[in-house]
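Participant: So the chains spell out like this:
There are 2 protein chains.
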Amino acid sequence: MSLSLNPIGIMRTPHRDIEGMPIQPPGAGEFEGTLHLRPELAEGLRDLDGFSHVHLIYLLHKVEGYELTVKPFLDDAEHGIFATRSPSRPAPIGLSVLEVLQVRGNTVRLGRVDMLDRTPVLDIKPYVPDFDVWPADRIGWFAGKSGNADSVRADGRFRESGRRVKRSA
Amino acid sequence: MSLSLNPIGIMRTPHRDIEGMPIQPPGAGEFEGTLHLRPELAEGLRDLDGFSHVHLIYLLHKVEGYELTVKPFLDDAEHGIFATRSPSRPAPIGLSVLEVLQVRGNTVRLGRVDMLDRTPVLDIKPYVPDFDVWPADRIGWFAGKSGNADSVRADGRFRESGRRVKRSA
Chain A
1 MSLSLNPIGI MRTPHRDIEG MPIQPPGAGE FEGTLHLRPE LAEGLRDLDG
51 FSHVHLIYLL HKVEGYELTV KPFLDDAEHG IFATRSPSRP APIGLSVLEV
101 LQVRGNTVRL GRVDMLDRTP VLDIKPYVPD FDVWPADRIG WFAGKSGNAD
151 SVRADGRFRE SGRRVKRSA
Chain B
1001 MSLSLNPIGI MRTPHRDIEG MPIQPPGAGE FEGTLHLRPE LAEGLRDLDG
1051 FSHVHLIYLL HKVEGYELTV KPFLDDAEHG IFATRSPSRP APIGLSVLEV
1101 LQVRGNTVRL GRVDMLDRTP VLDIKPYVPD FDVWPADRIG WFAGKSGNAD
1151 SVRADGRFRE SGRRVKRSA
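Order-wise, the sequence lines are chains A and B. The numbers in my numbering rise by one with no breaks, and the one at position 93 of the first sequence is 93. The numbers in my numbering rise by one with no breaks, and the one at position 13 of the second sequence is 1013.
In short, the hints are calculated from the structure, not lab data. No residue lacks a Cβ here, since even glycine has one placed at the ideal position from N, Cα and C. Just to be clear, a hint being listed does not mean it is correct.
Unchecked claim - In the DMTMM-like style, the derived pairs of lysine to aspartate or glutamate whose C-alpha atoms are separated by at most 25 Å in a straight line are:
| hint | chain 1 | residue 1 | chain 2 | residue 2 |
| --- | --- | --- | --- | --- |
| 1 | B | 1071 | A | 49 |
| 2 | B | 1145 | A | 43 |
| 3 | A | 71 | B | 1130 |
| 4 | A | 166 | B | 1047 |
| 5 | B | 1062 | A | 40 |
| 6 | A | 71 | B | 1043 |
| 7 | B | 1166 | A | 43 |
| 8 | A | 145 | B | 1099 |
| 9 | A | 71 | A | 137 |
| 10 | B | 1145 | A | 47 |
| 11 | B | 1071 | A | 43 |
| 12 | A | 145 | B | 1130 |
| 13 | A | 71 | B | 1040 |
| 14 | B | 1062 | A | 43 |
| 15 | A | 71 | B | 1049 |
| 16 | B | 1071 | A | 47 |
| 17 | B | 1166 | A | 47 |
| 18 | B | 1145 | B | 1076 |
| 19 | B | 1166 | A | 130 |
| 20 | B | 1071 | A | 40 |
| 21 | A | 145 | B | 1043 |
| 22 | A | 145 | B | 1047 |
| 23 | B | 1071 | A | 30 |
| 24 | A | 62 | B | 1043 |
| 25 | A | 62 | B | 1040 |
| 26 | A | 145 | A | 30 |
| 27 | A | 166 | A | 117 |
Claimed, not checked - Sample of chain B residues at the chain A side, in silico, Cβ under 10 Å:
| hint | residue |
| --- | --- |
| 28 | 1037 |
| 29 | 1044 |
| 30 | 1045 |
| 31 | 1050 |
| 32 | 1079 |
| 33 | 1081 |
| 34 | 1098 |
| 35 | 1142 |
Produce the entire structure from the sequences given, and follow the hints as far as they go.
Facilitator: So this is what it looks like as structure tokens:
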């Protein structure tokens, strides 16, 4: 079973290459980008300017194939792909909480962008602490490491396709 | 442009019908469900049991068509679909933060499930407060209302297809 989705638009960001990119929004403080929605969807943005933060759900469009275990940017050990935020996932979907800077026409200017330029976007949802903030008291192998995401940068490891499983359409 | 994604598995939950369902995880405290991963992906779950919470990204598979403005469950006024968490979205993707109860083989038992039985799942990611918790100081029309999500239940409004835009594949 395979399902078909139409992106709602694309992100324009300053990140033209995976290498050197921030790996998560905490390391992307200085980067702004713009979601360009398909023009016919512009009305769907009404009242989004009332929110300070959004979830952006997008396609990791430059990652080919996937791996079931990976050595993530923040650790030296292998972990199951679903226990990491690494991009080479079986369904290559990214998720970031971003700051809303301005909504205008069919565009949304966003702060802390950590995705590649021309990333296809699947959804934008308001970030609502009552739904989205939970007291996560166990963070597995990220313990003592997730704070480093504000300085660690991406390298090309997830671009190599050596031992990857090819994604079937 | 349309893109093709393979679900990684399906969710089994106690919710057989949209009407009466919790609308967000805060109202789903008593409901448990199980993600059944495609068996060949089981190795990808390694170390996920170290996390208390995950993001689940899934397809809103029973919603046909979409609307650009909606009257959401928690309000009496119309808002742009992207300023709501309502299901009739142009790319029908759902996002919930759930509790990890048990990881075993190719299955993950999850708490606070708020999605329909047999929902196709696209991704499961560890919830990491350093990446996912942000001081959202403006929550638009949800102000004074998002707390009601622990008691408000869904009705059939997003099942009616009257004035919907048909989704093109």
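Participant: Output the indices of the hints that this structure fails to meet, ascending.
Facilitator: 19 and 23
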